[in-house]
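*Asks:* Take the two lone chains, each set in its own frame, and fit them into one complex as the hints suggest.
Chains A and B are the protein sequences, given in the same order. For the first sequence, my numbering gives the first residue as 1, with consecutive numbering after it. For the second sequence, my numbering gives the first residue as 1, with consecutive numbering after it.
These are calculated hints, taken from the structure and not from any lab test. Built from N, CA and C at the ideal position, the CB exists for glycine as well. Among the hints, erroneous ones may be present.
[Unchecked claim] List of simulated lysine-lysine pairs, DSBU-like, C-alpha gap at most 30 Å:
1) B:K157 with B:K247
2) B:K127 with A:K142
3) A:K107 with B:K39
[Said to hold, decoys possible] Incomplete in silico selection of chain A near chain B, CB under 7 Å:
4) G41
5) A59
6) F101
7) V104
8) Y117
9) E155
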Amino acid sequence: MAENTLNIYEKKAEEMTRVTMITSDDLFRQTEGGFLSLDAGGRHYDRVRVVRLFPFSDANKYLSIREYENEGREIGIIEDLDAMPGESKKAIEHQLTLSYFTPVIIKIINIKDEYGYAYFHVMTDKGECRFAINMGSNAVSKLSDTRLIIMDVDENRFEIRDVDALSHKEKRMLDMFL
Amino acid sequence: MILRYDLPKEAENKISLSSGEKIYYAVPFDIDENGNWTKDSYIVVTTLKIHVFSAGDVRTFSISDLESAKAEPGVGGGVLTVKMNGQHRVLAHYSSGHLSRYAYVARGINILISGRFEEVISNEYEKICPHCGRVIPGTKTCPKCSGEGRFLGVFLKMAGPYKKHFFWIFFLMIMAAVTTLLNPEVQKHLINNVLKEGGDMKTAMIFLVLMFILSVSIVIVNVLKSNASARLGSKIASDLRGQLFEKYQKLPLSFINDRRPGELLNRITQDTRYISDFMADVFCNLFAVFFIFIWDVIFMLVINTKLALITFILVPVVSVIMISFRKTISRIFHLQYKKNDDVSSDLQDVISGMRVVKTYGKEKEESDRFKAVAVDFALIQKRNERFWAMFDFIVSFLMGMGVVIVVYFGGLDVFEGSMSAGELYQFITYTLLLFQYVGWLGRLPREISRLTSSLERIYDILAQDVEEEASDLKEFEIKGEITFDHATFGYKSYQPVLEDINAVIKPGEMIGIVGASGTGKSTLINLLMRLYETDDGRILVDGVDMKDISRRSYHSQLGVVLQETFLFSGTILDNIRFSKPDATIHEIIKAAKLANAHDFITMLPDGYNTYVGEKGYTLSGGERQRIAIARAILPDPNILILDEATASLDTENEFMIQKALERLTSGKTTFAIAHRLSTLKNADRIMVIDGHHIAEIGTHSELLSRKGIYYNLYNAQIQN
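Chain B on its own, in the form it takes in the complex (with noise of 0.2 Å):
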């Protein structure tokens, strides 16, 4: 995403900078104070100063005279404004396009203001082409701007691989081709040589043959060419299926998230679909296309001149009154499917609240809604099929005045002597092929778009730099010290969760973490695991900077569990082990046995082979998280994350549970996020997360001497 945009000349000239004064972000705003639309006005933020530069004239702030920015989003925009003496004050209004570009800059100002110079950089793609106003289709350039010929470079770049078949598909395409347009001629010869008076049976039964095999040849080789491309294109878009979902396991979480949720599933899913749907319907029969169209056109102006360019004119008239007749169907269809949703869902939505609608006696007001969507529906499917039916015979229809205007002139020709009657015959199928493939023609340039989106959708993420596990990283058995030296992290980059968070952890304290939900608790675990990066600050571990510890070796060292378990299909053993492959039956019994989990374990007819998650065997919630703590137990981790590992459970589950987590947690650094602050009792500090920041943190004494947010709430759980 562009921060710093070019500025318009009378805004450089405007604009005076000190020295030493370095413009950072440079970003337009398109709302001006009476909130209309305005043009050619900039929010120029630098090293010390912020300039608001609007309708020529310039305000100009101090960034030391500043204590707080923030970008706050509204409905339909959003607005910045900035802290200064104590008042807040309006910065900028812009519409939601700038949403995200003004949450960065919000952000470098704050940076600005804390005395630091790092520039935010946003890594975001731009939604709309700042080129040529087009919408990007979730790449990274716009592929109408990066040039023409992009199709053929990334359709090259897909079938690099595919070479040969490749090969094999366009000499089937070719022979599809000849052996179509032979036909005709053959037929002509058949019509002029043979049937007229003097002509003998024989050599029509030749021509005849000949007709016969040319026939079944263009039936063999369109099949086999279908064939091989719906063949390749399966092939290929499975190869990049594999490869996609490669990719999506090695990068990072940040990456996934900037995405739309279904967005690259759709990748996956949607766009190597049409690869292949595209090979097996369009390509196949592209260059044959082609090939014949072009033919077609010569021969029929070699044929006859004068009729070809008569044709030529007719065949504009009736692929314009087509392509609309084919506007109107998919509109009036894509209504009737929305009609159909609604009719759907409104089902749904009854049936599914069938209890509310008795228990207030709606039944008779819901069944006359749904009636009224009802008939609705039926209505447009009504005038849909009617219009659906004339549609095929009035395509016929046109098609056939055509060859009736051929015929018309033609057969002027032919009494004049200029033509032969075979020729005439040749001159209508070539006519025919021609209407048949200008429709098809017409639609090519929509398919190759949509082709090249996808193609340019499953690049995207393939070009993706993974950060390569760099060699320098460092690999040492954790002592569990844990520095958070002012974190700052947001899953949308214009909505900070957690904000600064600065603290020092010893190794083998335990942490208990309270808060409100949505306040940023399994955020901060979601750091410490490692799924997000700061986007600000950084998270030490040992002193050492966690983006410099290599990956694996963290992971190796780090237990969780969490309040929802995850268990694989497969068998309890599988799944305790899958946190160390490696691990012997004893070590994996001892786990078992920490976890409190082996004697269930045990009483199961299937024993550790029992197999569970999906289709398998139901656990019960408390024995899934105690296989969840054997896992997280066996590796022998450092540094343990506890997510409400015991929210959902009963007392009892509970107690054993605790229990297990007890022996679990001594000497290990600990994270626990707890509502029932009676699972906290053993942490040695509490860390209160309120409003993005640490609110209070200390141990329990302490905090309770406070009577602040903890004292609050340890009150009124006590109470109840």
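Pulled out of the complex, with its shape left as it was, chain A reads as follows (with noise of 0.2 Å):
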């Protein structure tokens, strides 16, 4: 009786050590509640969370597929996404911008600062909006010398990919906070 539970602790270590991949022959659905489901090695999960391993240096390579419930257990890793079907492709892609909700600013329009805080009028590329920044502490990071992730007061990311991009005028609005 004792053996047989440590047998389940056994097995369970055992299947945490091993790298599952998901190939091309697993397939994604989108689902009408507005989820992700998957069948793989002859199961079929109503609802899969995607998580990306390399969220800055590699957003769509290696993407973790875990369960939604039993704790959220990786199923297995999907390698690169861009060699995955079509349709799989599309429903993980919809799912990657809903979770890892990211906008990117295309365009500087203003920032203003004022006592303590800089309030960013941007375009990205989920559209148009503002947001605030507290010059105190550390919201922006550098992913390279580049790349930028500001970090408003709400938590909310934004990317900058490529700084030498951006206008003269945009890049003197944005100098004092690099």
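*Replies:* Okay, here's the thing in structure tokens:
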């Protein structure tokens, strides 16, 4: 009886160390409820979560697919999203845009600083928006020399892919925070 | 936090409410189903239905069809989901700003689903002003929107108790202004009337003495004034600090937890320091500068209107240049400061990780990396120092240029005879004064706004209503029956730690609490200790809602031993007596004996007078724990709480303490958290907490025969 339990634990530990890959044979679908379902290894999952393992350096490679229930157990890893068949890829991409909401700033319309806070008015790939950052904290972090992540007071993330691609005027406004 | 927004007309028209249907929550969501920003979309929760309004369309869900609702946080936002007919469904996506708002809404929906009609209210503050879009600096209302006259309001509130001091400083300020402005006037007379052909040394001497007296008085008045301001500043700051500290002790822990860590500390340390700094640096000159400035301008206009106007044109030019210089300076020094931070954190990293660096043989790589950071820093520093060295020269050059222009045009007037040489001299002095104070005044709005937010933050705490213990609170001898009735609680609104806890514990029962770490065991105990109050549901003690029992009476009948024992700086006697200040020596020795502490205490050279705490005698973990147990026994409590009381001890110590605890717990309602199940062998029932709920509850053998979580845990531990 006791041995049996131990086996369960051992099996669990064993399972945790195994790396399972998800291949193009496995089928992802967008559910009616607005989630992502998966059929893999002969099993159907009503709802799975997609987690980026390298959200900054490789956003579309190495995606961990996890169960929604069962303490978020990992079902497998997708090595390269682009290698997935069209239908699955579209469904996963859609889920990613929603669960990783990080608007990319394409144009800085204005930055105004007032008493310790800076107010950004920008155009992003998700539409125009305004947000505020705390100038005292490390709101702007550099991923590389030209790539920035800006965290606003609500902890929303905004990305600037390439600072050098901004106009001279925009760069000057941004200069304060670099 | 607002949970019921005003709906736009369009939404109001589209959403048709049936009779008896009442809107509870109406909150916007800002991301559409394709992941783009959206506006004017709302989730409207009524007593009967959920209406999702977006892009002119309304989708409606009946609350009675739903099984549960959940606000799931993600990266940069979250999603509100419901479960209906066994299927999960997305209702809305929103950005991070709405995370906690939706947590409240989800909680509200779940309450409605369970058939109750309580409305969830949030005491959290908004971070962004819903009217002007500005960030609210940790206060209830937006300082900008609650009126421009705000500064005067809070300032007077602060100054109120110190009227006498303020009048004295005010008087000194006027004196400072008068003496400063008088000096050039005397100098003018000296030049015009004395230093000319026919002037005599005697009158000159009188003027010199007068000037000397004025200069000395300027120094004396200014020293007095600065002194008085600084003294008053630190007095106000220290008074406020005391008031804040007192308030912190009274505020419920949940209030403290709603605030970011460090923020409350900052209010005591930084905000009050800012007030004393403001008083010392800014306030002491405030009215003096205004006074001087206004009279300066008037005198200049009176002496020579044309020249004054020319100078006034120069002033903004000079000040704009100076302000932009200052901005650049603060920017580049900010950069230097950051780089400096990089260097020191890098250094700290490598030095504290020296063993790892050496074992992997990475000395070369690490030193190369450090060199790169250091070179970077040196470059910036060099550039900044160069700029800084120029700054002073540029400022004096600009002021000098101003004077040159004044001298040129003034000189023309002197030649023409429309102005005397003395007047020109006086005028130049006033011009310099003007330049000096323009820069100062330019900084003023920023300083005032900083002071205002500091004061607002302080008064925000001081004005906080502490639930004064109502006089009708019950005091009675607790027998120890505890009932959890739908108790729900989370430290953060959007992350419930315990959900819907229901259990009845009989008086004198010992309950062992088991579960993986992070499941809410300690939270349950925090609720029992009344450090927090339940968000929903109740905890009853002997059939009385815990909230209706006087805190003092409840806590005096509660004994607590935690894993990490906190001993105050003081003697062992003080520490044991902490739980019952009026205990006799006899009672204390008895408690120490019961706790197996008496023997080791007698072996210490200073006995019960041994000083412990941060700088005192170092006791072992077991000894500290036994003192804590003596402290818990002393008031003879009827409810006992043991949170991993023996986890950090070795086997022998554990045995001694187990013995002490056995004596302690007999006949008392006891809650004991333990990882090692062997320590719970005396427990009447075991409560297994998993996934925010009570997963299993029952006697040892009941739970074993159930073959659930406890069964697995038990077997795994026996095997080891």
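*Asks:* It remains to establish, for every hint, whether it holds in the given structure.
*Replies:* Verification of the hints:
no., hint, verdict
1, B:K157 with B:K247, "18 Å, holds"
2, B:K127 with A:K142, "25 Å, holds"
3, A:K107 with B:K39, "20 Å, holds"
4, G41, "22 Å, violated"
5, A59, "11 Å, violated"
6, F101, "4 Å, holds"
7, V104, "12 Å, violated"
8, Y117, "5 Å, holds"
9, E155, "5 Å, holds"
The earlier numbered hints that this structure contradicts are 4, 5, 7.
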